[in-house]
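Build the full structure now, drawing on both the sequences and the hints.
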Amino acid sequence: MSKHTPLHAAHLAAGARMVDFAGWDMPVNYGSQIEEHHVVRRAAGMFDVSHMLALDLEGADARRYLRGLLANDVAKLAVPGKALYSCMLNPSGGVIDDLIVYYFADDRYRIVVNAGTADKDVAWMRDRIARTGANVTLEARRDLAMIAVQGPEARQRTWQALPGAEGASAGLKPFQAASFEDILIARTGYTGEDGFELTIPAARAEAVWNALAAAGVAPCGLGARDTLRLEAGMNLYGQDMDDDTSPLDAGLAWTVDFSDEARQFVGREPLETNGARRRLLGLVLDGKGVLRAHMKVETEHGEGETTSGTFSPSLEKAIAIARLPLAVAPGETVQVDIRGRKVPATTVKPPFVRNGKALV
1 MSKHTPLHAA HLAAGARMVD FAGWDMPVNY GSQIEEHHVV RRAAGMFDVS HMLALDLEGA
61 DARRYLRGLL ANDVAKLAVP GKALYSCMLN PSGGVIDDLI VYYFADDRYR IVVNAGTADK
121 DVAWMRDRIA RTGANVTLEA RRDLAMIAVQ GPEARQRTWQ ALPGAEGASA GLKPFQAASF
181 EDILIARTGY TGEDGFELTI PAARAEAVWN ALAAAGVAPC GLGARDTLRL EAGMNLYGQD
241 MDDDTSPLDA GLAWTVDFSD EARQFVGREP LETNGARRRL LGLVLDGKGV LRAHMKVETE
301 HGEGETTSGT FSPSLEKAIA IARLPLAVAP GETVQVDIRG RKVPATTVKP PFVRNGKALV
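1 is the number of the first residue of the sequence shown in the numbering used here; add one for each residue after it.
Quick caveat, the hints were computed from the structure, so don't treat them as lab data. A quick note: this is a predicted structure, and the numbers were derived from the prediction, not measured. One or more of the hints may lead you astray.
With a cut-off of at most 20 Å between alpha-carbon atoms, the simulated EDC-like pairs for lysine to aspartate or glutamate come out as follows [claimed, not checked]: (1) K288 - E332; (2) K342 - E305; (3) K357 - D243; (4) K349 - D244; (5) K349 - E305; (6) K76 - E58; (7) K3 - D25; (8) K173 - D194; (9) K349 - E298; (10) K288 - E298; (11) K120 - E139; (12) K357 - D194; (13) K3 - E206; (14) K296 - D244; (15) K3 - D20; (16) K3 - D121; (17) K317 - E35; (18) K120 - D56; (19) K76 - E261; (20) K342 - E269; (21) K288 - D243; (22) K120 - E303; (23) K3 - D194.
Between beta-carbon pairs, the in silico distance windows are [to be verified]: (24) A14 - D337: 33 to 41 Å; (25) A207 - G238: 26 to 34 Å; (26) D119 - P270: 34 to 42 Å; (27) V122 - P201: 28 to 36 Å; (28) A78 - D286: 43 to 51 Å; (29) D119 - K357: 33 to 41 Å; (30) K120 - E298: 33 to 41 Å; (31) K342 - A170: 46 to 54 Å.
The beta-carbon is built from N, C-alpha and C at its ideal position, and this holds for glycine as well.
So this is what it looks like as structure tokens:
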């Protein structure tokens, strides 16, 4: 039986079409996925992301522990509320999960992981605590809900829904968070638009959701979330990277910090030994058809494969992310096998759309 977020009743009341996602009963849309996509690009939409898991890490060794656990370096975090995106790797350099870590103090952090990987993430983290003997505690916070408010009007409408929140969050830069009452307001998101991600006590979640709706923020489902993130060139765990994929092959080299030679994070050695073996690029279909994951791509330098694909509502064209031979560059013409039919596409450097503007 699928699990329910604290906002489940609100979704049903709004007429959402529900689907199982990573073991959770989640809204895929509230009517028109296309309209939900456009409202985020043009105004403000909100997503229930309470199926993701917040983890609180505390203890004297928290900083040292995370420096060994993650491919990115939390030593960059010195201002309370500052956040960092990183991959957590296995010993062979594959991606266990991609996550965001928030710094509150050298002995206190919050980590937000994906819903579908939450159990294995927690098991891996606890195993690393035991193996390293780190003086830390790890607490799963299923008493919290999360709402992502995204779009060019997202911040203003959030402040309208939460009187007083503007004073706490108006000065936030991207990847920073601040507390307002019992809410953590983070200037982060997964759509390529500005906005906030709100972490709220579960008991308050529905009231905040309703206040946002009253302020003109449109409920949006998983369908729009996927087209938005793909237009923004953002990876989806399980499609664009996984346990067998190096972040260097998944377009995530920028999240791997090799600068401190003494920092031996898990998976570092195979990354340094193997380097990048594939390149992640965007595709824009030149002909008719819809791009999906796992389609063969023929290039002058060898074969590749799409990892995510969709019809872009913003561009009104089919787009995809593809893992291709290293020699392939943006601007090349490739052939995508769509059900036995070879259709030309052009390689581009993601993102396709950012802050409401087409970039390709």
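Against the structure, the hints come out as follows:
no.: 1; hint: K288 - E332; verdict: holds, 18 Å
no.: 2; hint: K342 - E305; verdict: holds, 13 Å
no.: 3; hint: K357 - D243; verdict: violated, 33 Å
no.: 4; hint: K349 - D244; verdict: violated, 23 Å
no.: 5; hint: K349 - E305; verdict: holds, 16 Å
no.: 6; hint: K76 - E58; verdict: holds, 18 Å
no.: 7; hint: K3 - D25; verdict: holds, 6 Å
no.: 8; hint: K173 - D194; verdict: holds, 10 Å
no.: 9; hint: K349 - E298; verdict: holds, 18 Å
no.: 10; hint: K288 - E298; verdict: holds, 17 Å
no.: 11; hint: K120 - E139; verdict: holds, 15 Å
no.: 12; hint: K357 - D194; verdict: holds, 13 Å
no.: 13; hint: K3 - E206; verdict: holds, 17 Å
no.: 14; hint: K296 - D244; verdict: holds, 19 Å
no.: 15; hint: K3 - D20; verdict: holds, 9 Å
no.: 16; hint: K3 - D121; verdict: holds, 18 Å
no.: 17; hint: K317 - E35; verdict: holds, 16 Å
no.: 18; hint: K120 - D56; verdict: holds, 16 Å
no.: 19; hint: K76 - E261; verdict: holds, 15 Å
no.: 20; hint: K342 - E269; verdict: violated, 39 Å
no.: 21; hint: K288 - D243; verdict: violated, 33 Å
no.: 22; hint: K120 - E303; verdict: violated, 32 Å
no.: 23; hint: K3 - D194; verdict: violated, 29 Å
no.: 24; hint: A14 - D337: 33 to 41 Å; verdict: holds, 40 Å
no.: 25; hint: A207 - G238: 26 to 34 Å; verdict: holds, 33 Å
no.: 26; hint: D119 - P270: 34 to 42 Å; verdict: violated, 25 Å
no.: 27; hint: V122 - P201: 28 to 36 Å; verdict: violated, 21 Å
no.: 28; hint: A78 - D286: 43 to 51 Å; verdict: holds, 47 Å
no.: 29; hint: D119 - K357: 33 to 41 Å; verdict: holds, 39 Å
no.: 30; hint: K120 - E298: 33 to 41 Å; verdict: holds, 35 Å
no.: 31; hint: K342 - A170: 46 to 54 Å; verdict: holds, 52 Å
This entry does not satisfy hints 3, 4, 20, 21, 22, 23, 26, 27, going by the numbered hints stated previously.
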